[in-house]
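Visitor: Here are the chains, one letter per residue:
Number of protein chains: 2
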Amino acid sequence: MDNRPIGFLDSGVGGLTVVREFMRQLPHERVIFVGDQARAPYGPRPAEQIRAYTWEMVQFLLTKDVKMIVLACNTATSVVWEDIKAKLDIPVLGVILPGASAAIKSTKSGKVGVLGTQMTITSDIYRKKIQALSPETEVTSLVCPRFVPLVESNEMHSSLAKKVVYETLKPLKGKVDTLVLGCTHYPLLRPIIQNAMGPGVKLIDSGAETARDISVLLNYFEINAAREAIRSNHEFYTTASPEAFQGIAESWLGQRIEVERVTL
Amino acid sequence: MDNRPIGFLDSGVGGLTVVREFMRQLPHERVIFVGDQARAPYGPRPAEQIRAYTWEMVQFLLTKDVKMIVLACNTATSVVWEDIKAKLDIPVLGVILPGASAAIKSTKSGKVGVLGTQMTITSDIYRKKIQALSPETEVTSLVCPRFVPLVESNEMHSSLAKKVVYETLKPLKGKVDTLVLGCTHYPLLRPIIQNAMGPGVKLIDSGAETARDISVLLNYFEINAAREAIRSNHEFYTTASPEAFQGIAESWLGQRIEVERVTL
Chain A
1 MDNRPIGFLD SGVGGLTVVR EFMRQLPHER VIFVGDQARA PYGPRPAEQI
51 RAYTWEMVQF LLTKDVKMIV LACNTATSVV WEDIKAKLDI PVLGVILPGA
101 SAAIKSTKSG KVGVLGTQMT ITSDIYRKKI QALSPETEVT SLVCPRFVPL
151 VESNEMHSSL AKKVVYETLK PLKGKVDTLV LGCTHYPLLR PIIQNAMGPG
201 VKLIDSGAET ARDISVLLNY FEINAAREAI RSNHEFYTTA SPEAFQGIAE
251 SWLGQRIEVE RVTL
Chain B
1 MDNRPIGFLD SGVGGLTVVR EFMRQLPHER VIFVGDQARA PYGPRPAEQI
51 RAYTWEMVQF LLTKDVKMIV LACNTATSVV WEDIKAKLDI PVLGVILPGA
101 SAAIKSTKSG KVGVLGTQMT ITSDIYRKKI QALSPETEVT SLVCPRFVPL
151 VESNEMHSSL AKKVVYETLK PLKGKVDTLV LGCTHYPLLR PIIQNAMGPG
201 VKLIDSGAET ARDISVLLNY FEINAAREAI RSNHEFYTTA SPEAFQGIAE
251 SWLGQRIEVE RVTL
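Residue numbers (the working numbering), protein chains in the order written: chain A, 1 to 264; chain B, 1 to 264.
Worth double-checking, as some hints may not be accurate.
Repeated chains share a single entry, so a pair holds when one copy, or any two copies, can fit it.
[Stated by the list, open to error] The calculated DSS-like cross-link candidates involving lysine-lysine, where the alpha carbons are at most 27 Å apart (straight line), are:
| # | residue 1 | residue 2 |
| --- | --- | --- |
| 1 | Lys-67 | Lys-105 |
| 2 | Lys-175 | Lys-163 |
| 3 | Lys-85 | Lys-163 |
| 4 | Lys-128 | Lys-85 |
| 5 | Lys-128 | Lys-163 |
| 6 | Lys-85 | Lys-67 |
| 7 | Lys-175 | Lys-111 |
| 8 | Lys-128 | Lys-87 |
| 9 | Lys-87 | Lys-170 |
| 10 | Lys-105 | Lys-202 |
| 11 | Lys-64 | Lys-163 |
Rather than coming from a laboratory, the hints here were simulated on the basis of the structure.
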């Protein structure tokens, strides 16, 4: 047993989609979340910068005595997951392999689409991971540069969001039967993405897949928390405005939370 | 990527219930299975003997260059999983934590039953693991000494099997809403157990839960096999009669297999 918290990091609010699913599955585990809103989005940044920023968040989480770290950010995972995992003594989980695995299991036509940020798509990591496991699967990737700003500005329910999503996804329509939401911000646009692609396309939420894997790793490493009658307090940190973060986070998580600003 | 096989061990044929589910989920991974029929059942044996026999099977699997070992046997897991896991460099998975976790997620009434062999129930490991995670869950354990011999002698569809199961389970009837099949042989008696308990009781197959966890650990440790067009050959070994083993194994796995006798 290990009652220490689990650390989640993201460039912004997208990682909350992983946290929400995680809290639903394991409500007795304590969460420390840090989002680097001040420097989001990470997607268009150079790899070395993403590496440095992500390590800063990791260092911050380590000061909170976390027992596991989840890179709840595809961009960070694509650049620096293997490095962090190799250097830390605690388990470190990324969001890409769980999503890639789920896509392989889902596709019937062997044609999978991947949506992601500039860095995630440039790294080509989803295609590499999917085809390493399943060489015959065709992967079509699409950069969606306008999705993260829509979510970070809390405009995911606007008519602008609908227009942007429909236009962006047009090249994939009818071409795939499975679509990986390869950025943890994208599940916040899920209903619009599903409408744009049509009901026959299975959307893979890498974050939700990752939440399931966390539970398995807690078992394997024997670091589950005991289920207490009183739920422990979660902690949320952002490098930018706590108020803006709190608005999106509370509406997404469906609960009141405390948010503190942190300087990395 | 790692195209080496995964090693499964069991005291007898019960571990095949884990293998079957594993093959269904990950058909491109290669399996080496060893069953110690000559010395089964393990359940009534002293812990030191179970420890020694299990280590012998582990040593045998290591000669086959396996990339992961699954103790597909609750009795062996209860005695020696932590020791083997600590001593080997490759991941070692047992069947008990996956089953305990699934039971906690399943129960609504907070009343869980556990069926197992003498050693598994004496070790009290399911109750300990379940209550460590969820202190308020009530666990009622039941030794089922006659179940393994029924399965090992291929009598699981007989009227004797039905009689034995109904009599054995009588003390649990109506007392639990979730029942852990805490021995990998028991899923071979599943239809009878379900009938005896009634349709309202959810049966937890520790082996099937474990198969799902294997996939997550293959991802985490990045040791998946590539999906080749041609399925690699599985290997099955027993310390007793290959013919008897083959009969049960082929009917359970639904495929032709080669079985070799091995001396440990």
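Visitor: Checking against the hints above, which ones are violated?
Guide: Of the numbered hints, 3, 5, 9 and 11 do not hold.
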